[in-house]
Amino acid sequence: MLISVSYRTLTEKNNESFPIRSEMVLAAWAAFVFGLASFAYCFRHDLLLLYGDAVAHLYIGRRTLASRNPGFRQLGSVWLPLPHILLLPFVSVSAWWRNGLAGALVSLPSYVVGCAGLYRLARIWLPVSAALLALAFYALNPGLLYMATTAMTEPLFLAEMIWATLLIVLWHCAVHAMDGDLAAAAIAKRNVETMRQASAATLLISAGLVLVAAIFTRYDGWILAAATWCLVTTKLVLHRRFTKSVLRSYALFTALLAVAPAIWLAYNAKLFGDPLDFLRGPYSARAIEARTATAGAAMHPGFHSLHVAALYFLKAAEMGAAPARFGNWLLWLAAAGTLIALYFFGRKQIWPALLLWLPLPFYAYSVAYGSVPIFIPLWWPFSWYNTRYGMEMLPALALFAACPIGLLHVFAPRLERWVTVVLLILIGWNSIVLLRSRPLVFQEAVANSRTRIAFERALANALLNLPAEGLILMYTSQDAGAVQLAGISLHRIVSEEDYLEWQHALEEPAQAAPVVIALDGDPVASAIQRHPQGLVLIQKVCSTGQPCARIYHSLMYTPRFPAASAGKGGAS
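Position one of the sequence shown corresponds to residue 586 (our numbering), numbered consecutively onward.
Hints listed in this document are in silico derivations from the structure and should not be mistaken for laboratory results. Using N, Cα and C, we set each Cβ at its ideal position, and we do this for glycine too. Hints are not guaranteed to be accurate.
Label pairs and their in silico Cβ distance ranges [unchecked claim]:
| hint | residue 1 | residue 2 | range |
| --- | --- | --- | --- |
| 1 | L850 | T1036 | 18 to 26 Å |
| 2 | R1035 | P908 | 21 to 29 Å |
| 3 | V1007 | A920 | 18 to 26 Å |
| 4 | W964 | D638 | 20 to 28 Å |
| 5 | L823 | L621 | 41 to 49 Å |
| 6 | L1140 | H889 | 51 to 59 Å |
| 7 | A854 | T819 | 27 to 35 Å |
Please model the entire structure based on the sequences and the hints provided.
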């Protein structure tokens, strides 16, 4: 009885007379201002391309449009395609590809949409004060603000995860209202009208479309989609009064979530000969770990240990969200807020929001058994690697850490205002401290880019000294940034992205292109060791911490297709 009364009181007080749509629009505009300020700073200081993965994402988009064999095969087999498809209109502009602006034009809107969605989700149960705290904590996170200026996929996936959770929560309330729950009916009526959704069926189909986007963004999305389908199925099995609309929407929802991964498997099978090429192919995480592992060296922390893997993931999440000495407090506050939400906000209404905690078991398993290590500077091996994965806990930490304010709104309204002001000040202080000490994901980007960027700039300068026309044989998986910085037309690059031409080139490197570039240990260097005839070394580019690049001129090259050998221009 206490739970029921408290929940009804909270529901009525937290949703009375507030224009929630207007609030969400204001939240989006505030996030846009923060994101624009972050972009202005990062663009001015040349920080958009620190992550090697960001460079690679832009390169994939560019080669899909403009390479020797453009097309969807150039999307590759490991990274999921939606982020690169969204980049296509922007990487078509050469300057935006070269300076990284193309990535920001996808990530910044994703950040804004994610902020609006998180505020909207919080307002289902929480008063304006608590929702504002959740929004401020999420939107002012310096790590997220930095990632929103890059071509990394985290901002996009976070927006998809938040909106999928929001739509499923509203669907759950709408279906539950059919059982006669007045509080659920009030929530469903108000929120559905606010979002201009016509029915529970429309909410479910909309959630399915967002989950399809998540499936094609990150593999985390596959688990999110599976968990959401289980939640929806369980609810419908327990719900006795079905309607044709509900059943039709459920069938379509199921079909969407089943067909999306099937398309990716079929794509891998058709173009790369193995439906699981993304999992066990030459560019998969498993293959990369096997190539980079040192014989006799210890495995990465958390290897085959779910407990240790979870600890590393949670510590990365804490360090990215709060100063080190307060990270544990934040995690415990979010855990306590989750229990408070389950007790006072009604188990039947709040539990779909637990989807936001899903990154914890997913990454614990991925680190332990999926060849996905996480390194943090506080613990062995005292380095930075994949720390950005901890950012996926931000929505859960923001939402559930704000839940205790919902109780103050009902039981101590006079205290609520002062507590809210104090907490907003603390959130601002938290963001300033993280910014001054540099966000964890930014530290990772800087630490892992120092030697790479210096080398790529040196190699780019060497590329600019080459003739403005003619083919170049080069392995681009390692240092595509050099091609990007030099602005070399991808029509001139013979690389591993074109399987048949690449295999012939490795058999006769001197006859493949007038210029051959080999990096120590790459396939081109191995091919030259086997077939050095007709190649003259004209320049060597070396940089600390990176393999040397050797540029050869071919004495045996004869263009088979004169138009192709001329290329499509030099630097663009």
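These are the hints, each one checked on the structure:
Taken as a hint, the range 18 to 26 Å is violated for the pair L850 and T1036, whose Cβ atoms sit roughly 37 Å apart. Range check, R1035 to P908: about 25 Å between beta-carbon atoms, so the 21 to 29 Å window is met. Between V1007 and A920 the beta carbon distance is about 21 Å. The supplied range of 18 to 26 Å therefore holds. For the pair W964 and D638, the supplied restraint of 20 to 28 Å holds, since their beta-carbon distance comes to about 23 Å.
For the pair L823 and L621, the supplied restraint of 41 to 49 Å holds, since their beta-carbon distance comes to about 46 Å. At roughly 53 Å, the beta-carbon separation of L1140 and H889 lies within the given 51 to 59 Å, and the hint holds. In this structure the hint that A854 and T819 lie 27 to 35 Å apart at CB holds, the actual value being about 32 Å.
The structure does not agree with numbered hint 1 stated previously, though it agrees with all others.
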